[in-house]
Each structure stands twice: as structure tokens, then as C-alpha cells.
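**Student:** One letter stands for each residue in the lines below.
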Amino acid sequence: MSSKEYFGNVAREWDQMRQGFFSEEVRERAYEIAQVERGRLAADIGAGTGFITDGLVDRGVRVIAVDQSEEMLTEMKRKFSESHDIEYRLGDAESLPLLDGEVDYVFANMFLHHVEEPHDAIKEMVRILKPGGILVITDLDEHEHEFLRTEQNDRWMGFDRNDVKKWFVSAGLKNVLVDCVGTDCCSRSSCGCQNAKVSIFAAVGERVV
Amino acid sequence: MEILRCPECKGELELTVEEEMEEIEKGELYCDKCGIVYPIEEGIPNMLKESQR
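In order, the protein sequences belong to chains A and B.
Take any residue in the first sequence, note its place counting from 1, add 7, and you have its number in this note's numbering.
Take any residue in the second sequence, note its place counting from 1, add 658, and you have its number in this note's numbering.
It is worth saying that the hints were derived from the structure and are not from the lab.
All residues carry an ideal CB built from backbone N, CA and C; glycine is no exception.
Each hint should be verified, as a subset may be incorrect.
[To be verified] To be clear about the criterion: a stretch of chain B counts as covered by chain A if any three or more of its residues have a C-beta under 8 Å from a C-beta of chain A, and this derived list gives those stretches:
1. 663-677
2. 702-711
[Stated by the list, open to error] Okay, derived cross-link-like pairs now, DSBU-like style, lysine-lysine, Cα gap no bigger than 35 Å in a straight line:
3. B:691 to A:204
4. A:173 to B:684
5. A:86 to A:137
6. A:172 to B:684
7. B:684 to A:204
8. A:130 to B:684
9. A:11 to B:668
10. B:684 to A:11
11. A:84 to B:707
12. A:86 to B:668
13. A:137 to B:691
14. A:137 to A:84
15. B:691 to A:130
16. B:668 to A:204
17. B:707 to A:173
18. A:181 to B:684
19. A:86 to B:684
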């Protein structure tokens, strides 16, 4: 099964599943380190059903939500039908459906561990940032829970923070910082015999030019 | 949607609207250079590669 199929299948239950995986603290930390300001434009990459978008809209930020799953975006659109501040685009990590320098912020929460080439995905996210724009990635630290790969279609078993930092710098970001979010991602295997508790990092960087 | 570019070649896209309410509900975006048609369904443009749809 591809991750597109996996997320297509769980779109309707995703909000409930997500609550079990990680808490609102993750996004609060993401907004905080991005220092989001009202009236700006953000891209939510791997938006799912809008976990990151939700708080951005509350903070007066307009959002372009990108996901590869039609089911996820349709579910998100239904949830946010009252909002006029969100645009939806189906697209993938390799060639994001956004223009060069289109947005002030790019957020990607729990997205990177699903892509084939994380370094290329980061470069692509930097491409769509305005000069001075901020990229915030929140994802899993390195772990050894194989079932996250076999059952939840994770491509990477988390990341070494030093690698993430290197990728940010080589993609043309400055003031790069990779730090703890201070909360864990929790999951249980389908047999119930394995529990994963993985720490979450937040990486931030500013586009130079 | 007028400002979307072809994710493949970054070329300009030609927009055809089939249904429009507050936003474009149904239509398509056509890349003249690649010959790819990106459909718009329920207000969401599908900018995935044809092989990934």
C-alpha cells in the first residue's frame, strides 16, 4: 500500500487517530518558533485534515493546504467549509503546486518521514518561501519501531537532528535551529503488543534570498 | 487558481471553468507545453502527476 492509499483509507477517522498520536502542543510550538503574524500567507504541506491549518486560521493567517490525498483534503474542506482563508491543492512533495516565493511560512508536521527524498523535499519547501520566509518542520526523532513503517506507511524511522540541520543549511536557510518540542508521539501496533513513544523535534530556518 | 503553474515544467496553465459558485468548483487546468490536464473537482485542483492520481 502507498502512503497515499493509507491516508485515503483513514481520512475520516484521522482526527481521532491523530489525537492518540500527538497533542496540540506540537502545533503551538510550531507557531511559536515561526513567530506567525496576522495577515500573512502560509503553506501547510501534508496538511491531512488541517491540524496545522486550524490554528493558523485562528491566528489570522491565510493558508494554502497541500496534500497528496484527495480524501484528506475533501474531509478538511468539509470541516472548514465556513472559512474563506484556506485554499486546497492536491500535490506531492517532489513538485509542490506553489510558485517560487509564494508564501511567508511553510509548515510540515509529520510529513517528512513519509517522503522518498527528505533533502529534496526540504529544498522544494524552501523554493516556495519568500526571502525572509520561515520553514518549520515538526517530525519524529530517530526510532526503532518497525511497525510504524509496516502498519502506518512511514518511509523513514525518524531523523537524526544533525541531518535535518545540515539539510536546512544546504537548502539555503539561515538561523537554523533544531530543538525538542517537549512532547512525544505515541502509537500502538495493531496486535497491541508493541508501544512506540518517540520524541518530536521542531526544526526552523529562515530563507536567505 | 489563475496563478497556478504546471508542477512539471513550471509553465503557465490555461484554465477552463465548468462550474463556478463562490469559487471554481469544477474545471481544468491545461499545460500547453506538457499536454497535461489537471482536473479541478469540488474546488480542489489536482496537481499530482498523472501516474500518482
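**Student:** If a hint holds in the structure, say so; if it doesn't, say that too.
**Tutor:** Going through the hints against the structure:
1. Counting residues of the region 663-677 of chain B whose beta-carbon sits less than 8 Å from any beta-carbon of chain A gives 3, enough to reach three: the coverage restraint holds.
2. Note: the region 702-711 of chain B has 7 residues with beta-carbon separation from chain A under 8 Å; the three-residue rule is met and the coverage holds.
3. For a cut-off of 35 Å, the pair hint linking residue 691 (chain B) to residue 204 (chain A) is broken: about 48 Å separates their Cα positions.
4. Under the criterion of a C-alpha separation no larger than 35 Å, the hint pairing residue 173 (chain A) with residue 684 (chain B) is inconsistent with the structure, at around 42 Å.
5. A C-alpha spacing of about 29 Å is found between residue 86 (chain A) and residue 137 (chain A), which places the hinted pair at or below 35 Å, so the restraint holds.
6. At roughly 42 Å between alpha-carbon atoms, residue 172 (chain A) and residue 684 (chain B) are farther apart than 35 Å, so this suggested pair is violated.
7. Taken as a hint, the residue 684 (chain B) and residue 204 (chain A) pair is broken in the structure, with Cα atoms around 43 Å apart against an allowance of 35 Å.
8. With a C-alpha separation of about 32 Å, the suggested pairing of residue 130 (chain A) with residue 684 (chain B) holds against the 35 Å cut-off.
9. Taken as a hint, the residue 11 (chain A) and residue 668 (chain B) pair is honoured in the structure, with Cα atoms around 24 Å apart against an allowance of 35 Å.
10. About 23 Å separates the Cα atoms of residue 684 (chain B) and residue 11 (chain A), which keeps this hinted pair within 35 Å; it holds.
11. Distance check on the hinted pair: residue 84 (chain A) and residue 707 (chain B) sit about 22 Å apart at the alpha-carbon level, within 35 Å; holds.
12. A C-alpha spacing of about 31 Å is found between residue 86 (chain A) and residue 668 (chain B), which places the hinted pair at or below 35 Å, so the restraint holds.
13. Between the alpha carbons of residue 137 (chain A) and residue 691 (chain B) the distance comes to roughly 27 Å, so the proposed pair stays at or under 35 Å and holds.
14. At most 35 Å may separate the alpha-carbon atoms for a hinted pair to count; residue 137 (chain A) and residue 84 (chain A) meet this at roughly 26 Å.
15. For the suggested pair residue 691 (chain B) and residue 130 (chain A), the alpha carbons sit about 25 Å apart, so the restraint of at most 35 Å is met.
16. Straight-line distance between C-alpha atoms of residue 668 (chain B) and residue 204 (chain A) comes to about 41 Å, which puts the hinted pair past the 35 Å bound.
17. A threshold of 35 Å between alpha carbons decides the hint, and for residue 707 (chain B) with residue 173 (chain A) the separation of about 29 Å falls inside it, so the pair holds.
18. Only pairs whose Cα atoms come within 35 Å are accepted, and residue 181 (chain A) paired with residue 684 (chain B) is rejected, the gap being roughly 41 Å.
19. For the suggested pair residue 86 (chain A) and residue 684 (chain B), the alpha carbons sit about 20 Å apart, so the restraint of at most 35 Å is met.
In the structure shown, a violation is registered for the earlier hints numbered 3, 4, 6, 7, 16 and 18, in ascending order.
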